[in-house]
Amino acid sequence: MSKKDSDIGQKSDIIQAVIIADSFGNEFLPLSNDVPLMLLHLVNKPLIEYTLEFLSFGGVEEVFLFCCSHVDAIKEYIKNSQNENVIWSQTTKVNIIISESCRSFGDCLRDLDAKGLLRGNFVLCEPGVVSNIKLLPIIKKHIESSAKDKGTAMTLIYQEAGVGQYGRCPREEIVLASNSDNRVLFHKKINYNNERKINFPLEVFLENNCVSIQHNLKDTHIAICSPSVLPLFSDNFDFQTRDDFIKGLLMNEEILGSTVYWHLIKGNQHGGAITNWRMYQALSQELANHWFYPIIPDVKKYSECFGRGAAVGHNCSISESSNISKSIIGNNVTIGRNVTLENAYIMSDVKICNDCIVSNSIVGPKSILRNGCKVTFGSVVGANVELNKESFIENSLVQSKRPEDDYDDVDKLGERAYRLKLVDDDEEEDIVGNKLARRFSRLHLDEDYAKSDDDSLESSDSEDGLSHVHSPVPDDTNMFFSEVIDSLTRGFEDKLQCDNLILEINSSRYAYNVTLKEVNYNVIKAILNLPFQHSSGQQYLPALLRTLEYFSPILKNYIRNNDAMEDCLQAIEDVAASNNELCECIAKVLNWFYDRDHITEEAILLWYDKLDKISRVNARVVPFIKWLQEAEEASSSEESE
Amino acid sequence: MLFNPEFQAVILAAGKGSRMPELTAGKPKCLLPVGSKPLIWYPLLKLQQSRFTDVIVVVFENQRAEIQTAIDKTDLKIKVEYFPLPSNEDLGTADTLRLLEEKLKSDVIVMSCDLITDINLNNILDLFRKHNASLCTLFFNPQAQEPIVVPGPKSKHKPERDLVGIDKQTNRLVFLASASDFEFDVSLPKALLRKHTSLNVYSNLIDSHLYIVKNWIIKYLKYDQNISTLKGELLPYIIKKQLAKPQKNTVTNTSIINIQDSNDIFQFAKEVDLDILIRESSTYTDHFGDLKASYHSDPIRCYSYIADTKNFGIRVNTLPAYWYINGKITDIWCDVTNEKELVKIDSKAEIKSNQVDDKCIIWESCKLNEKTSFKNSIIGSNTVVNSFSRVFNSVVMNGVTIKERVALENCIVCDGAVIESGSQLKGCLVGSNHTVPEQSQHCNEVLTKSDQLMEF
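Listed in order, the protein sequences are those of chains A and B. Using full-length UniProt numbering, read the first sequence as starting at 1 and increasing by one per residue. Using full-length UniProt numbering, read the second sequence as starting at 1 and increasing by one per residue.
No lab work stands behind these hints: they were computed from the structure. Incorrect hints may have been included.
[Said to hold, decoys possible] Here are some chain B residues the structure puts well away from chain A; computed CB gaps all over 10 Å:
#1 Thr74
#2 Ser203
#3 Tyr284
#4 Leu342
[Said to hold, decoys possible] Not close to chain A: a few residues of chain B, all C-beta gaps over 12 Å, as computed:
#5 Ala191
#6 Tyr202
#7 Gln439
[To be verified] DSBU-like, lysine-lysine: derived pairs with alpha carbons at most 30 Å apart:
#8 B:Lys158 x A:Lys189
#9 A:Lys189 x B:Lys168
#10 A:Lys140 x A:Lys115
#11 B:Lys168 x A:Lys266
#12 B:Lys359 x B:Lys375
#13 A:Lys197 x B:Lys310
#14 B:Lys245 x A:Lys495
#15 A:Lys247 x A:Lys141
#16 B:Lys245 x A:Lys148
#17 A:Lys141 x B:Lys168
#18 A:Lys412 x A:Lys588
#19 B:Lys231 x A:Lys197
#20 A:Lys197 x B:Lys27
#21 B:Lys168 x A:Lys517
#22 A:Lys188 x B:Lys292
#23 A:Lys495 x B:Lys292
#24 A:Lys150 x A:Lys197
#25 B:Lys158 x B:Lys449
#26 B:Lys168 x A:Lys148
#27 A:Lys134 x B:Lys168
#28 B:Lys168 x A:Lys140
#29 B:Lys403 x A:Lys266
#30 B:Lys310 x A:Lys188
#31 A:Lys247 x B:Lys270
#32 B:Lys168 x A:Lys197
#33 B:Lys449 x A:Lys188
#34 B:Lys103 x B:Lys77
#35 B:Lys231 x A:Lys189
#36 A:Lys134 x A:Lys45
#37 A:Lys197 x B:Lys375
#38 B:Lys292 x B:Lys310
Glycine residues also receive a C-beta, built at the ideal position from the N, C-alpha and C atoms.
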């Protein structure tokens, strides 16, 4: 690995890089209150180590580390590392720039511009970069395109990653269009909005003979910048993020006279950035499996002895009766007897007592989990937290300090454990979208994601108009029905909250433009069909009752008035007509609906009047109806007495 | 016992040639002379050389005899079946195929009568076979065109542009639309991008109008009477349908709302169970990057063959294209006809002139008198050129009479025209049966009986 390359050195001779240390978001709460992102341990080593090693390995000789918070901790850390002569400090000089007034990525770059420290092209790393990319060839390419195109401002570095790949962050899905010179013509993050179409300006296609559209990319958050980037940020004070910058440049290409290029890394090069917990999880796994070789984590033993893959730090004491899989454990961790860790990320100096279960969750440094604690479903336990015996933490954030405002007694879990409420900072964002985004930005829960992603693909497969050809009657209702089935199946299996399912169903409803009547009808039909996915014959009724019980809130939400009851009964009738299982026990099912007050007596009787009297269903229903009528008579006679 | 052939070929020759009305006013488009042959000879030869033995040629009823005579005169061995269309009806290309439905038992290769190319059809047929495709199209890269001066008044020719989206990994054709369909934005479904994560969208390709379609598409056309053109309606529809999933046959198909449209396109596109089974048990996959089954389990698959930039391909459907191909045909003759001998001067021509350069093509029964001069020109059959006349860089069709002392340069003279003595024409287009009076001088004009053009 040659450190100096005469071709690339330019006049200024050395390659400079900028690392922005803060993410300016609240993704890493509650841990980010105590530990700066840069010092967050990632497979047993602070994140900054990886970034600096990568830059040093890539031939960068001078790094500007831009800090806005936790400045002292970072300063001290860098100083210690330099004193210890760690690898990167041999070849790379690190300058810390402090500006606590910066509020965004853009502010940092404007501040850098004012300081005038950068001389030539430079490497720009967004917070949390981990990579082993060889920078020199890309810098060389950047210089070549600058020679051809004077407006070249930035070369973005991307890596190929298929849809649904583990290391591809669903919050950073992008669509990128470029011409044959790899010049970016269109760049859009598509995130979790419900848009089903992506609009490209027509001139993108007309001005270029061949436009390549990529949706198989993952952002490495590394870019090569020309010196013009900093003044561009200064001139356009509304550029807050790198995405703003790209968008602004593409929109005002003529005015700003600047262009953006992109580069696809190939071979065994790999890159990514920790932008949220999900990426933290993905990159941890990748690091533990040496995807970033020669940049490797500091774990003493990487063993298979605890089931499927676990990376364990130094000085750990782990009881042999514990069951550990797909987990990463820091230094000085004590794990008691009969502990189950699955997909868990345990930081340094943690003590986990007997019989604890941690799955799909993160436990911050110096925390203590007393006997029998259970931490699951994408929970994050902050630093210095002490969880009382048998605490149960699910899908929440826990920190050691008492939150200052908005504090509720319910959220106090112990002397040093408080549940944290998430305050959404940007109100503008659509509430549904935000909730979803939050959910997914947390940990990758399990293999389900890939599946649910599939569903979403298929669901959007419907009649997407590509052209203006007439099309046959759209089968939206059917699409809606299968969507509902999917949602409910998933909801039932993963025990998702019914409220969320209702949201999902409602959004499908609007997506397919289905009438309320059809919604009611199809939801009931879907619920009745659900048990067929698991069992048949004798077991249908118990399975159905369990399902109905679980989905009670949904039923309550949809069966609101007499019309809805009618739809519901119609659905029961239709499903019963085609299914022996339901037909056999239709009376019991009706009884259930009646008992739970989902359907009133009048509605049932009204429906029965219209029922085809020679149908099989009718025969099964008769006893129930009789009973109803008798009960009615009884009650009315009671009243009259 | 009669076996169905693997492919049946259809040549559509019932076009009105509305993009070059000056030439097609008196003559079927497919018989316009290109080099030493009528236009339709080229696609027919292409088929014959790809081992097709039979072809259905769709013609207008009233042009049938003329076309048949012209084709019979050529040396083609391919058996031609003529399918006449009533000449007064305006039928789209898909309408035509619909009428042919009973005759079409196999997969179909549809060509236009105006295609001249040096491409080997087997390449496209193989692509179709390889993927068991539903639909295959052929695109050309634009020819590097040197600017040419077309006879007639100057006009700006603005070609239509298609947007063609092709998956980079698999060559699947996933998007097709005309650029003029869009005003500002082109919108692609998100699902398309998630399925085909790496696409090339071309805006400069030239559609050859050569399509290979599975037989079920013809059956579908029969069912869906609303589709009238191939390029404009059928293709975009089939291509779009690749994204949709066939309806699953769930237990619930008996309810009132769920009445299945039994003529859903996927009912037509059904694959043979054995094919699916073989594909599922094979390790072959056509793409990588996700964990989906090969072809994403799509029963409808469209592909595109994009000819190499070296290849030649043109559709002779405009005046500039016609002029261009006639200027170029001697150069590309060998490539286009696969080394057939070019008969430049027909043995039945009567040539007394000694000034005929080697770029000229003289058809049968021409009479070129003494003291005439010809350079780089095509002279159609039964044309008479009298003494002291010269014809440079021109196309003279059949039965034209050129009197004494006429000078033609860069002209197209249509059938049966008479050019009286002493005329000097430069860059002109003489309509069929038109008589150019004595001593007239014209430059860059269309000379025709004006009423003839009004039809169009």
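Checked hints:
1. Thr74: holds (38 Å)
2. Ser203: At about 5 Å from chain A, Ser203 of chain B fails to clear the 10 Å cut-off, so the statement is violated.
3. Tyr284: holds (18 Å)
4. Leu342: holds (34 Å)
5. Ala191: violated (4 Å)
6. Tyr202: Its Cβ does come within 12 Å of chain A, the nearest being 5 Å, so this is violated.
7. Gln439: holds (49 Å)
8. B:Lys158 x A:Lys189: violated (36 Å)
9. A:Lys189 x B:Lys168: Holds, at about 22 Å.
10. A:Lys140 x A:Lys115: Holds, because 26 Å separates the two Cα atoms, which is no more than 30 Å.
11. B:Lys168 x A:Lys266: Cα-Cα ~17 Å, so holds.
12. B:Lys359 x B:Lys375: holds (7 Å)
13. A:Lys197 x B:Lys310: Distance of about 37 Å is beyond 30 Å: violated.
14. B:Lys245 x A:Lys495: Answer holds: Lys245 of chain B to Lys495 of chain A is near 28 Å, not above 30 Å.
15. A:Lys247 x A:Lys141: It holds: about 22 Å lies between the C-alpha atoms, which stays within 30 Å.
16. B:Lys245 x A:Lys148: violated (46 Å)
17. A:Lys141 x B:Lys168: It holds: about 24 Å lies between the C-alpha atoms, which stays within 30 Å.
18. A:Lys412 x A:Lys588: violated (44 Å)
19. B:Lys231 x A:Lys197: With a Cα-Cα distance of about 23 Å, the restraint between Lys231 of chain B and Lys197 of chain A holds, given a limit of 30 Å.
20. A:Lys197 x B:Lys27: violated (48 Å)
21. B:Lys168 x A:Lys517: Roughly 44 Å between the alpha carbons, so the hint for Lys168 of chain B and Lys517 of chain A is violated.
22. A:Lys188 x B:Lys292: holds (25 Å)
23. A:Lys495 x B:Lys292: Holds, at about 27 Å.
24. A:Lys150 x A:Lys197: It is violated: about 34 Å lies between the C-alpha atoms, which goes past 30 Å.
25. B:Lys158 x B:Lys449: Holds. Lys158 of chain B to Lys449 of chain B sits at ~27 Å (cutoff 30 Å).
26. B:Lys168 x A:Lys148: OK: Lys168 of chain B and Lys148 of chain A at ~27 Å, within 30 Å.
27. A:Lys134 x B:Lys168: The hint holds at about 26 Å.
28. B:Lys168 x A:Lys140: Judged against 30 Å, a Cα distance of about 27 Å means the pair holds.
29. B:Lys403 x A:Lys266: violated (72 Å)
30. B:Lys310 x A:Lys188: violated (36 Å)
31. A:Lys247 x B:Lys270: violated (45 Å)
32. B:Lys168 x A:Lys197: holds (21 Å)
33. B:Lys449 x A:Lys188: Cα-Cα ~58 Å, so violated.
34. B:Lys103 x B:Lys77: holds (21 Å)
35. B:Lys231 x A:Lys189: violated (33 Å)
36. A:Lys134 x A:Lys45: Within the cut-off at roughly 22 Å; holds.
37. A:Lys197 x B:Lys375: Judged against 30 Å, a Cα distance of about 58 Å means the pair is violated.
38. B:Lys292 x B:Lys310: Violated - the C-alpha atoms of Lys310 of chain B and Lys292 of chain B are around 36 Å apart, more than 30 Å.
In this structure, the earlier hints numbered 2, 5, 6, 8, 13, 16, 18, 20, 21, 24, 29, 30, 31, 33, 35, 37, 38 are contradicted, and the remaining ones agree with it.
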